[in-house]
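Chemist: For reference, the chains in residue letters:
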Amino acid sequence: MLPVNRRQFLQAGAAVTATAFGFRLEAASAVARELKIARTNQVQSVCPYCAVGCGVVIHTTGERVKNARPTVVHIEGDPDSPVNRGTLCSKGISLKEFVVNDRRLTKPQYRAAGSGEWTDISWDDAIQKIARRIKDTRDKGFQEQDAQGRTVNRLDTLGLIGGCTDTNEINYLLGKFRFGLGILPYENQARL
Amino acid sequence: MPATTVAKLVDTSLCIGCKACEVACQEWNDQEFTLGVFNNTYQTQPDLTPSFWNLIKFNEHVDDGVNSWLMAKYQCMHCADPGCLKACPAPGAIVQLPNGIVDFKQDNCIGCGYCITGCPFDVPRLSPTSKKVYKCSLCSDRVGAGMTPACIRTCPTNCLTFGSRTDLVQLAEIRTAELKEDGFKDAGIYDGPGVGGTNVMYVLKHASEPEKYGLPKDPRIPWTVSLWKGPLKWAANAAFLGTAVGAMLHYLKFGPKETHDDDEVA
Amino acid sequence: MTTKSLERFSFAERASHWTSALCFLYAAFTGLALWSPRMFWLSGVFGGGETVRAWHPWAGLFFALALGVMFRRWAGQMQLDSDDEIWLAKSHLYAQHIEAGMPETGRFNAGQKMMFWLQSASAFFLLLSGVVIWFPEVAPRSARLIAILLHPLCAAVSMGGIMVHFYMSTLAVPGSMGAMIRGRVSTGWAKSHHGKWFREVSGR
Amino acid sequence: MTNGWCDIANTDVALVMGGNPAENHPVGFRFVMEAKRKRKAKLICIDPRFNRTAAVSDLYVPMRAGTDIAFLGGLIHYAISNDLCHMDYVRAHTNAPFLLREDFSFSEGHFSGWDAEKKSYDKATWQYELDGAGYAKVDPTLENPRSIFQQMKRHYSRYTAEKVAEICGCTAEDFKKAAALICSTGRAGKVGTILYALGWTHHSHSVQLIHTGAMLQLLLGNIGLPGGGINAQRGHANIQGSTDMGAWNMLPGYLRLPRANHVSLDAYLKATTPKPLRPNSMNYWGNTPKFATSLLKAYYGDRAKKENDFGYQWLPKLGETENQSWGYFFDRMHRKEMHGFISFGMNPVANGPNTEKMLEALANLDWLVVVENFETETASFWNAKKLGEKFYPKYVDPAKIQTEVILLPAACFAEKDGSFVNSSRWLQWKKAAVPPPGIAKPDHEIIARIFMAVRALYEKEGGKGMEPLMAMQWNYAQPLTPSLEEVAREVNGRDLTTGAQVPGFAALKDDGSTACGNWVYSGSWTEAGNNMARRGQEDPTGLGLFPNYAWSWPANRRILYNRASNDADGKPWSESHASIRWNGTKWTGDTPDYKADAGPHDYGAFIMLPEGVAKFYTTELAEGPFPEHYEPMESPVKNALHPNASANPCAPVMTSSADAMGTPDKYPYVAITYRLTEHFHYWTKHVASGAELQSNFFVELPEALAKEKGIKGGDAVRVSSARGTVEGPAMVTQRMRPLTVGGKTIYHVGIPIHWGYVGRVRGPLVNNLTPSAFDPNSGTPEYKGFLVNVEKL
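Protein chains in written order, with the working numbering: chain A, 1 to 192; chain B, 1 to 266; chain C, 1 to 204; chain D, 1 to 793.
If you're looking for bench data, these hints aren't it; they were derived computationally from the structure.
Keep in mind the model is a prediction, meaning the values are calculated, not measured.
Please note that a few of the clues may not be correct.
[What the hints assert, rightly or not] No more than 27 Å apart at the CA atoms, straight line, and that leaves these computed lysine-lysine pairs for DSS-like:
(1) K431(D) x K140(A)
(2) K57(B) x K176(D)
(3) K460(D) x K185(B)
(4) K66(A) x K38(D)
(5) K185(B) x K275(D)
(6) K400(D) x K140(A)
(7) K431(D) x K36(A)
(8) K460(D) x K129(A)
[What the hints assert, rightly or not] Have a look at the derived ranges for each label pair, beta carbon to beta carbon:
(9) I98(C) x P216(B): 53 to 61 Å
(10) N323(D) x A112(A): 31 to 39 Å
(11) A38(A) x P216(B): 31 to 39 Å
(12) S142(C) x P393(D): 37 to 45 Å
(13) A38(A) x N323(D): 54 to 62 Å
(14) V65(A) x D397(D): 46 to 54 Å
(15) K176(D) x E137(C): 50 to 58 Å
(16) W58(C) x V65(A): 46 to 54 Å
(17) S142(C) x N82(D): 56 to 64 Å
(18) L241(B) x E104(C): 45 to 53 Å
Cβ coordinates follow ideal geometry from the N, Cα and C atoms, glycine included.
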């Protein structure tokens, strides 16, 4: 699906009001502080907070700029969504602060046993380390058969949780990961 | 064609205190988020600040053992007869647009703060850093681009509506009638007739007691401001002119006061 | 040195007078700029709106301080006596330059004394209300509401008075300006306008 | 949700209980406000706190935390005894006419079959009385004393208004006012909805509580109708989806995880495929073999063959009675029975009960992997003593914690594609807007890289369980960075003979000719394309169904059980409230929850259930076929109905050193934890706006209690439970009223959750206080209604 362009978006926004009030806002406008989303690219998304599932429009700049990373400049409700019709709550309307946030994690980190601090680690090292730990744990704890000789192919010394804010597709992959390894302790936020 | 007067309707009976409008305002206007101090209430801040233009007041009451929690949005009312504008000495610092929006243009603001005193709702706030006064602009930038103001766009419960003033007055009347039907006999519209009507209007369940919502009972431009910017101005102007003309005529008629003893002039 | 001239105002008196006068002028003109959008153009002359907003209170404060110095020095001399009452009752004759029946005046005539008290009083209230207006974010609203009325009211009174003062000291009574600038007046001037004072200082 | 957000606008009476949608789902709450405005709907809020939902409600009734079943049981009694039930609905669409066995009984808080030693029930006596063909016997007149209707009537006859008032602490008058409003929907033409959330699930009797709500809705004839239903307002963007996708003891699509005694696919299918209990029952779960086989084909691809049970043996098996839900496996972790742990975007230290136990459990691991957007309490658990200061006196210093921790930076929602399922069961597709910050990676890439690396190690070195590990199909175009569109197509399923996407789950086969990653999502990405990304604005029924916007599981059905919006003959109960209609040859409107061209009498209305009708009475839950009021595990009073069976007899009690339980003499106040509208869970303490809206942790105290203790608003207080403490300023308020329960004054202490020891704003973790007490069916911890003490500092 293509992202809506600004014009369609503005029209959609205005259309809601136009139908509600029977006049076009342009006629009422007379001034312009500069509109900060006048030149943004828009992508439709869904709010990651609660399960109302509000549609949001993410305004970004910098996609077509060389040597620049696209960044989010504004996020607001998607007027096309029948759920929220362009509205959002206090958390949703400030999603930009969530995405563009100096507290975001930007690199893998490692805390050695007994250490009191984080150290940086490369992705390759991190993945290798994790794979090694998984294999060691699994080799030690994997049960192919139970006491009665029934095939169980299970691993209960390794736990896995997550998924409540990941997409279905990621959860599906996580399920394959779980069942590939044979993990039984697998939980999500549903219980909490 | 005359521009439509735009307005905002705050239907307090539909406000759930979600504060989306507060954040939408902060976010759209790129205000810095600050930390608050605990003061025994759910209210975000005790009051508006130069970088916080839109505050939900959480008014808790217990009447005859029945709790009520009346939430009311508090921001610039965009008066038809704005006290701030009346008080402002700097041309172009406060403008009233043809659509009724009262906007502060910080480029022209000199920071005298007269608008703060002139405002019957005590809304403008002087920034100690920039020495300029700030308040809700009714998102004149968004409105200019055909979009609804940020707070209204985000309001989930339709507590806030944006539109032409005439339409919203109608809507407010309908809502008032509905509330009366629901048993709120005191329901009514609050739109500051004392300031020529405000372009931010409220529907209140308890219209005879706007103080319950943290709204002034009968907002008017303070009489001292009116006197200052009205009769006093003219009286003083007349007095200045009178003095100057008087002095001139006096001189023409009587000339200077002579010194007699010429021989002793230094 | 002959007795042809007398010292009318000491250096300290002149310094404080002109300090307050200059501050007053700045405060008055910038005050006018802040008074009405129609006069806002004046702010351009005095450094622009924001500068005027920043400096006006300081000018006012220095005006008040300088006036305070004058007040301490002169307040004793500015008490009205019985001659002053007669003078005031016959001030219309003074205005018409009719000297017959006017009592002889001391260092300051009753009109000047009245001017002094008027300016002192309005300066006091200007300062009081000015401070309130200076810090609108701190001052309580009720105080601000009174101040915004009181300040221009006092300013108008004060400025009206100063217009009269200015007229009197320049055109109406030649020699006055010299007295305040150089500090000295001729004996003739002294005899003519402040006879009693002349006798006191000259011993004649 | 049985219904959906937009549908709430169709209701006449909205009962909010165990939820606070105005604060926690403000945008969803817009539809309640719309119903209030446009339909003059009544909103009733029943909650220990006068919250922001109560502020706009038409009736607020205070109630003691953990006594919801008593209140709802009272409503059932009120409806039956005042003849306010929708009896035609009850007769047509429920198991009220079914007969129970003669040996079924209930006395002194226990149903028949109770085994006090094992603390569980033998459910034999709970079964329906069957006829020779294996079908349940029924009495359509409902007069038979052994009919479920009569049994239910008798069971709830104890729940009089006065009893409810005695247990819940409300007044009998308030209860009756609420009951009159709620039960006003017990007739055709009036519809009521129930909106609940964690206030109903955070109990040691949560599933029975929701069961009671569903029973009430069935009695009033509100299930399946627009504006009706029983609606869980789920808390996380994709908590519904992650449940659908299978966690704990589930495979995707609510297929049961096999147990060790299911020794073959055949045995598994026999055990998990229900048989119809009435002749007209469609018993849709009878298709379990098709769904299970297709899942195995999706998992194991060509390796899944009929000869090898489609790879069934590769799936891990639970022990026969084993429970690996949250409370159990953290208990095992605490006992050092686990060595490794991977957390994808979850924060167990903050959101699990009994924080100190969580910390100790994690300290007993060899290694921990945390994949997150922000540094969390879990990632930095080893530093809890330093960061969390005084709250963890027993907790040791980092040097003694031997757990290795790897913290991986993950992309957030705006930085990856994929679909979320909202509470309305809508799958909505989103697109990545920006790249992740720094060198952060999307989660699917992290999963894939780890999985591929583990496989590589096994390939190189060999090891245990090679076969199941290698058998799992991972044939994506780019195995290290699978495209989520590719995955979504796999989830929808395809016909392996033609290669085409299947149009829906009806096309799935049990012979291995179809593969489908999750049958309930079948139809989400068909040959027509990605239905989850649809943006159609049409609403032909005018009921807010929006059938062409996104895609709703199952089968794009917007209201579940919608066949029940019509009577037995297929006539709508009311013209205004039917989302489907029978036109003589087929059903029109919403996707029918029924066979589209089957006549009204062909099947029972509840096609998923073996009974073919909805159940007042169920044998599936641990603590009884009818819900019964049990006190929370920590309660200030004894159960007024049966003091000797006070709390849920089946609720698991953990026995580790960290699992102390408190008593009312030391901890006299009832605590509830909850969320505020200003924050989202433990995330927004990292976000500037949330930090501004509510910067400070606080404790809400009733004015009367504060007065008693000499506490003024803003004074620092310490709240302690048998597990731990929190400290913060007191918010003294009249919004929390003292309640009189059995002649005793009970105070609630309100504790919002959103703070922790890392974040832009910080505060104590409220789960320092909460007990490891769980619901036996769902494993949900009891966060509402545990005991604390309050001291002024």
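Chemist: Output the indices of the hints that this structure fails to meet, ascending.
Modeler: Per hint list: 1, 2, 3, 4, 5, 12, 18 violated.
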